[in-house]
Each structure stands twice: as C-alpha cells, then as structure tokens.
Amino acid sequence: MQCYGFIGLKHTITHNAALFLTLSGRSSKGNMAAGVLTGVRQVLRGPRLVSAVFSCHGQTFSSAAAAPDTAAAEKILNFPLTQPDYFRLSELFTLKDLFEARVHLGHKKGCRHRLMEPYLFGSRLDTDIIDLEQTAEHLQRALNFTAHVAYRGGIILFVSRRRQFGHLIETTARECGEYAHTRYWKGGLLTNASIQYSPGVRLPDLILFFSTLNNVFQQHVGIRDAAKMNIPTVGIVDSNCNPSLITYPVPGNDDTPVAMEMYCRLFKMTINRAKDKRRQMELLKGISASV
Amino acid sequence: MASLCKVMYNVSSRSSLLPKHCVFTTLRSCSSDASGGDGKSAERVKSGFAAAYEQHSGLRQSGDQSSGDETSFASLLRRSALSQMGPAKDKIIVGKIFHIVNDDLYVDFGGKFHCVCKRPPADGQKYQRGSRVRLRLEEVEMTSRFLGATVDTTLLEADATLLGLIESKDSKTKE
Numbered sequence: 001m002q003c004y005g006f007i008g009l010k011h012t013i014t015h016n017a018a019l020f021l022t023l024s025g026r027s028s029k030g031n032m033a034a035g036v037l038t039g040v041r042q043v044l045r046g047p048r049l050v051s052a053v054f055s056c057h058g059q060t061f062s063s064a065a066a067a068p069d070t071a072a073a074e075k076i077l078n079f080p081l082t083q084p085d086y087f088r089l090s091e092l093f094t095l096k097d098l099f100e101a102r103v104h105l106g107h108k109k110g111c112r113h114r115l116m117e118p119y120l121f122g123s124r125l126d127t128d129i130i131d132l133e134q135t136a137e138h139l140q141r142a143l144n145f146t147a148h149v150a151y152r153g154g155i156i157l158f159v160s161r162r163r164q165f166g167h168l169i170e171t172t173a174r175e176c177g178e179y180a181h182t183r184y185w186k187g188g189l190l191t192n193a194s195i196q197y198s199p200g201v202r203l204p205d206l207i208l209f210f211s212t213l214n215n216v217f218q219q220h221v222g223i224r225d226a227a228k229m230n231i232p233t234v235g236i237v238d239s240n241c242n243p244s245l246i247t248y249p250v251p252g253n254d255d256t257p258v259a260m261e262m263y264c265r266l267f268k269m270t271i272n273r274a275k276d277k278r279r280q281m282e283l284l285k286g287i288s289a290s291v
Numbered sequence: 001m002a003s004l005c006k007v008m009y010n011v012s013s014r015s016s017l018l019p020k021h022c023v024f025t026t027l028r029s030c031s032s033d034a035s036g037g038d039g040k041s042a043e044r045v046k047s048g049f050a051a052a053y054e055q056h057s058g059l060r061q062s063g064d065q066s067s068g069d070e071t072s073f074a075s076l077l078r079r080s081a082l083s084q085m086g087p088a089k090d091k092i093i094v095g096k097i098f099h100i101v102n103d104d105l106y107v108d109f110g111g112k113f114h115c116v117c118k119r120p121p122a123d124g125q126k127y128q129r130g131s132r133v134r135l136r137l138e139e140v141e142m143t144s145r146f147l148g149a150t151v152d153t154t155l156l157e158a159d160a161t162l163l164g165l166i167e168s169k170d171s172k173t174k175e
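Going down the list, the sequences are from chains E and S. 102 is the number that the numbering used here gives to position 102 of the first sequence; each next residue is one higher, with no gaps. 143 is the number that the numbering used here gives to position 143 of the second sequence; each next residue is one higher, with no gaps.
So that you can see chain E by itself, here it is in the shape it has in the complex (with noise of 0.2 Å):
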C-alpha cells in the first residue's frame, strides 16, 4: 500500500503532557514572545490529539463496545493514505495560473544556486526561468502533503523572513487556524525548546517555509534546526536557494506580491479544505457510531 501522507506523530505522543502553543511576537523590541495561547485553541487541539494517540493504540482496548469504535477511527486515519489525490488539491491551481503569478521569473545567472540547476528551465537574457512543469509537480506534492498534515490534526508553522510579506503570512496562518513566525528566529526555538520554553512543549509537525533565505541571504536556521528534529518541511525555493535539506521544495520565485499571494491562498485553502474534510468524517463517524 503506497502511503501518501507522513504517517505517526510520534514525537507527539512522548509529549503529551502540555500543549504549548506558539505565535508570532507581538512584542516591540521585535523578538519572538513565548505566550501562551488562550484556552480556546487548547481546548480545539487536546479531544483530536488525544483521540488520534489513543486510535494508534487500540489494540490496548478490551471492551466490546470500543471495538468498532477504534475500527472506524482508524478507518478515518488510513483510507486518504491510500488515495492519490484525496483532498482533489489539483483543481486548486493550473499551470496558467501560476504563469501569469510569475512564479518562473528567477533570479539573475549570477546568483543561481548550483543545487537548483535540475529545477531550471533555462536563462534568457541572463535572467534564469524556473521550469513551471516541475513546479507544479513539485507544488501538488506539497499541498497533498500539507492537506494530510492538516487531515491529522498537526501544527503547521508558517515561517518567512521577507520584512515585505509578514503581515500576509501572518494573516494567512490566522485565517487557517496555524501559527506563524516572521520575525527574529532565535537560536534554540526547535532544538532546545524543552529548556527554552517547558519540558513537554508540543513542537510543529511541519514548517512551511515562503522564502528560505534570510534578511543577509544565509539560508534560513530553521531549515537545518527542522531537518535535525525530524519535522518534514515544505519551502518555496528561488533560483538562489539550497533546496537540500527541505524535504518537499517548491521550485518559485518568493519575491513578487503576486506570487506570495498565491502561495498563501493555496495553502490556505488546503488547510482548509483538509480540516473541513476530517470534521466530516468525524461527523459521519459520529452518526454511524449512534446509529
């Protein structure tokens, strides 16, 4: 059975003590704020958690009654794995679309980045042109594996270092119900967060990056950060950008409005839709089980 989705929040299970809960700071000296949340997103995220640990456990379950129960949840669980494009994301966006957003305008030839060469379709007039035919695959990929995420119920952080994008990217992680974080990335966020912030502390199961180069054109830390805690990553890479240790990147340009526009919208609306999806099936699951 070919798995199309990242199965297992493990990491999760070992830390199911206190969900913690990160936002963009707020605070004026620019640095990442660690508050706490309120009680609403607590109270949304702990039922599902609980449940999805507890159905990946149902063997440990002896009464009758939970039987069907554990079957059909796990049921919910696996049957989008076995579909190729459960959630129909390719009807979201078309290769037109993502033309006329210039998502194949490139940097200029001496800024390329070697690794990128594969994704390039060619330079014109010394201007490299992103292969928009691999971006789309490489784009339905993504999004199918978000939507999965989504499906799941895991944290999706949104992060980006573009002074000019943040508020949209805040705003899109707001309007999904996710978190985000366009400022100052501080050293130890995900690699030594159970002293930074608690022990127990619930970290994403997936980072979308919007631009993976910093404000000095370093790649950014928590890509490496990211890939050393085993959180999978989605990052939309410019001809300038190491897309290596990203483990599905975008081949696009992360510099016009347009483009970020149209990046924010797809993954909202697959977050969205992915979420919608599995309150149905939670509905439906709910109406068999009374019935």
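If you're looking for bench data, these hints aren't it; they were derived computationally from the structure. Fair warning: there could be bad hints in the mix.
Every beta carbon over 10 Å from chain E, so not counted as near; a handful from chain S, in silico [stated by the list, open to error]: (1) Tyr-53; (2) Phe-113; (3) Val-116; (4) Arg-119; (5) Ala-122; (6) Asp-123; (7) Gln-125; (8) Ser-131; (9) Val-140; (10) Thr-154; (11) Thr-161.
Keeping only pairs whose Cα atoms sit at most 25 Å apart, straight-line, the calculated PhoX-like set for lysine-lysine is [stated by the list, open to error]: (12) S:Lys-96 to E:Lys-96; (13) S:Lys-89 to E:Lys-109; (14) S:Lys-89 to S:Lys-46; (15) S:Lys-126 to S:Lys-91; (16) E:Lys-75 to E:Lys-285; (17) E:Lys-275 to E:Lys-285; (18) S:Lys-91 to S:Lys-118; (19) E:Lys-228 to E:Lys-186; (20) E:Lys-109 to S:Lys-91.
Not close to chain E: a few residues of chain S, all C-beta gaps over 12 Å, as computed [as the list claims (entries may be wrong)]: (21) Pro-87; (22) Arg-145; (23) Glu-167.
Even for Gly, the Cβ is constructed at its ideal location relative to N, Cα and C.
Use these hints to put chain S onto chain E, whose structure you have.
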C-alpha cells in the same frame, strides 16, 4: 512590440478555434485509407468530395498540432510580454504605483521586482496609489559581483527612470 504581440495572439486564437469533430474525421480518413479507395462494400468508405474533405481536415489538424500546444509552459513563455520585449535596456514600459512612502514611488511593471522612483517636482500630487506611469527601464534586477564574492549581490529591485503619468481619456471625461 504591442502590435506584434496582438498579431501573434490573433494567429493563436484562430488556430485554437478548430472544431472538435475533426478528431473523428481523422480516425475515419485513416480507416478509409486502410481499406483502399475502391471498397464499395464497406459502409464507412467515402469517395469524391467527402474523401478529399476528410483528408484535408486531417492534414490541417495535424499541421496545427505540430506548431505546439497552446497552454504548454514553453509557448506561454515565448508569447509573454517580458520575452517579447527583449533586452531591458532603454525600453519604454507602463507600470502601476502600488506603494508610496513620502517622495518614493514603488512602481510594479510586471517583472519579478518593482522599481522605486522619486516623485517628480512637476504634477507631484497626481502620483497616487494606482496611477499608471511611463518608465524607461534600465535593468530588470540590479545585481553586481563584488570582489572576493562567489555569488552576485542583488538589491531586489529593478532600475527605471520615471517619464510621466499616463493621461487616459476615461479619467478626463469622468471629471
């Protein structure tokens, strides 16, 4: 340049108006050619004008298909305004102001980056968000290789000089 783009778009739109039933006629013409022109026993064999019509419509469709798929990335790129423009030096283009900071106008002309121009002293107040302006483009992206560096340093901006506002007849008649 604009007229050239328009001509090319007309050609492409005309060729895309092929009726879909030509697909069936190519299949039929293939079958009729295989059976030989003189088989009167088969119902689908046509002769005379009908056969000639099918053969020519088949030829026309195959000729148009060989010229390239309309929605492939390569054809979209080839027909885009940025490719048709050619080298960016000294090209006159139209841009739209999307942001203003005191006297700096941020103009977007359809490229990867925007350009920043100073507000001109003449008719300064007419340059507001959403105004269309004429620009002379110098570079699409300002980059340079400095000594001792492995990659170019980019300013993430284009370089253009502001020529003036575009006065459209519609705005005049509204007032």
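Do the hints match the structure? See the list:
no.	hint	result
1	Tyr-53	34 Å, holds
2	Phe-113	6 Å, violated
3	Val-116	13 Å, holds
4	Arg-119	21 Å, holds
5	Ala-122	29 Å, holds
6	Asp-123	27 Å, holds
7	Gln-125	25 Å, holds
8	Ser-131	18 Å, holds
9	Val-140	6 Å, violated
10	Thr-154	5 Å, violated
11	Thr-161	20 Å, holds
12	S:Lys-96 to E:Lys-96	22 Å, holds
13	S:Lys-89 to E:Lys-109	17 Å, holds
14	S:Lys-89 to S:Lys-46	60 Å, violated
15	S:Lys-126 to S:Lys-91	24 Å, holds
16	E:Lys-75 to E:Lys-285	10 Å, holds
17	E:Lys-275 to E:Lys-285	15 Å, holds
18	S:Lys-91 to S:Lys-118	19 Å, holds
19	E:Lys-228 to E:Lys-186	16 Å, holds
20	E:Lys-109 to S:Lys-91	21 Å, holds
21	Pro-87	6 Å, violated
22	Arg-145	6 Å, violated
23	Glu-167	26 Å, holds
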